[in-house]
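**Student:** What follows is each chain in one-letter form.
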Amino acid sequence: MPRKSKKLAAERQLFEVEARPHLDALYSMALRLTRSPVDAEDLVQDTLVRAYRFYDRFEAGTNFKAWLLRIQMNTFVNRYRRASRERQVFDGPMAVPVGEGVMSRASMRGLTDPVGDAQRRLIGREIQHAFDELSDEARAMVLLADVEELSYKEIADVVGCPIGTVMSRLHRARKQLQTSLQKHAVQLGIIEDDDTDIEDPIPLEAFRSRKTVKS
Amino acid sequence: MSCKLVRRHLGAFVDGELDPATQIEFERHLEACPGCQEHLAFESSLRRQTRESIGGIHAPEHLWGRAVRRLAELDEARAEHTSLIEVRPMRWRQTWPIAAAAAAILIIGGVVGLPESAEYQSAGMLQDVVNLHSQALPSDVQAEAPQEVVRYFQGKTPFPVQPATFEEPGMKFIGARYIRVGAQPAAALYYIRDGRRVTLLLFQSSEIVRNAQRTHVGGRELYYHDVGGNVVTIRQHGGVNYAFFGDLDRRVLFQLAANARVAH
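Protein sequence lines correspond, in order, to chains A and B. Take the first sequence: its letters are residues 25 to 239, numbered as in the working numbering. Take the second sequence: its letters are residues 4 to 267, numbered as in the working numbering.
Okay, chain A solo, but in the shape it has when bound:
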């Protein structure tokens, strides 16, 4: 084997060792984004090829998983080219305002810490339905924060936006998930339809400016 191939093989091995533990995270993200197992596999493969190609640009000491997810996100966005349009709907003036207390207290109680496997499975399925109804962008936020448990900083790197934007997008995504979940849960009779007790929304900007004044 020529020296060059040996060198490449060694480098590839290093990459493989580092990337392998994140395959499930990549696939899970890809599947949730594309909603198709076939597309998800292609997306993961393209992601790994790109990551390998740019492996020398990875900064040692930073989060490799976040780096891989960022590449996957970019690959997805480039391929589907829907992101910019969707973002306008998600963050922009057309965005549906979400309040603070989307759920009534009774609904919250009905969904908190379900007792028994049957109840848990039922709610789990409703969470999946609610999740599937979210936009690509919102699904990505929920996945990165709640499933992959990345920090806001890492999420900001993955999706390429400021941390403040992560905060508001994530908030919005979670509230949308809750709204949709509540709707499903009411339909299934898991919880009562009870929309009293919903509080006024308070804009994030107001909180931020209060925070700034305080510090």
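These are calculated hints, taken from the structure and not from any lab test. Since the model is a prediction, treat every value here as computed from it, not as a measurement. Ideal Cβ positions, reconstructed from N, Cα and C, are used throughout, including at glycine. Wrong hints could be hidden among the right ones.
Stated by the list, open to error - Cβ-to-Cβ under 10 Å is the rule here; a few derived chain B residues that face chain A:
1. 44
2. 46
3. 62
Since chain A is already given, all that's left is putting chain B on it; use the hints.
**Tutor:** Structure of chain B alone, referenced to chain A:
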């Protein structure tokens, strides 16, 4: 601190993303406020349930193997062309046998006139095509976004560049870059077919078909040069040469040349 504020930012609190001072204020409020505790319990519980019902997906068994094979293929292609560079003599006249051993050449091209000058120029250009393939310079623009490719070449080449497409599913476009063939600005488009690299060069020049032979494949007129046992094929389209070079056999290259969709 109001309940409203606490509930509004409970998500960030659960995530541990508030600044430490605020985090402490939140904790203090929560200790004393049963209403907010209920919200907190819900928020945490929902988080857990979301993770359980959406997470926990495992990649299919074969996926890792498939991806790793792909990486190995790319490395093979890389190793192959670097070893070519290492042995390549400087003078183009001496490189023919090596190039010939390395690969068949196919040039799909479109040229109209045949000016006087040019046996030497033609051979030099053919050699450029061979060299540009063996060097396999990195792509400047990636294949994932075909529109990027079009934009990338705007103002660089005197003709619009669109990656040629192929009906053959094994033919995969991987990237492109700006380059020169002879003195002409050119677009290099890189493809992979069954793990073998194929380079397609687009440039304008009438000399390249000088003394070329002619054939018809699938109703297309192709020119070709036999070069040390390998072949250069030329197809005319819109006054631009499409120069296609790959480690593939002659028949396959002819087919690719004839079937390439090169509209622009």
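**Student:** Taking the numbered hints from earlier one at a time, note which ones the structure violates and give those numbers from smallest to largest.
**Tutor:** Of the numbered hints, all hold.
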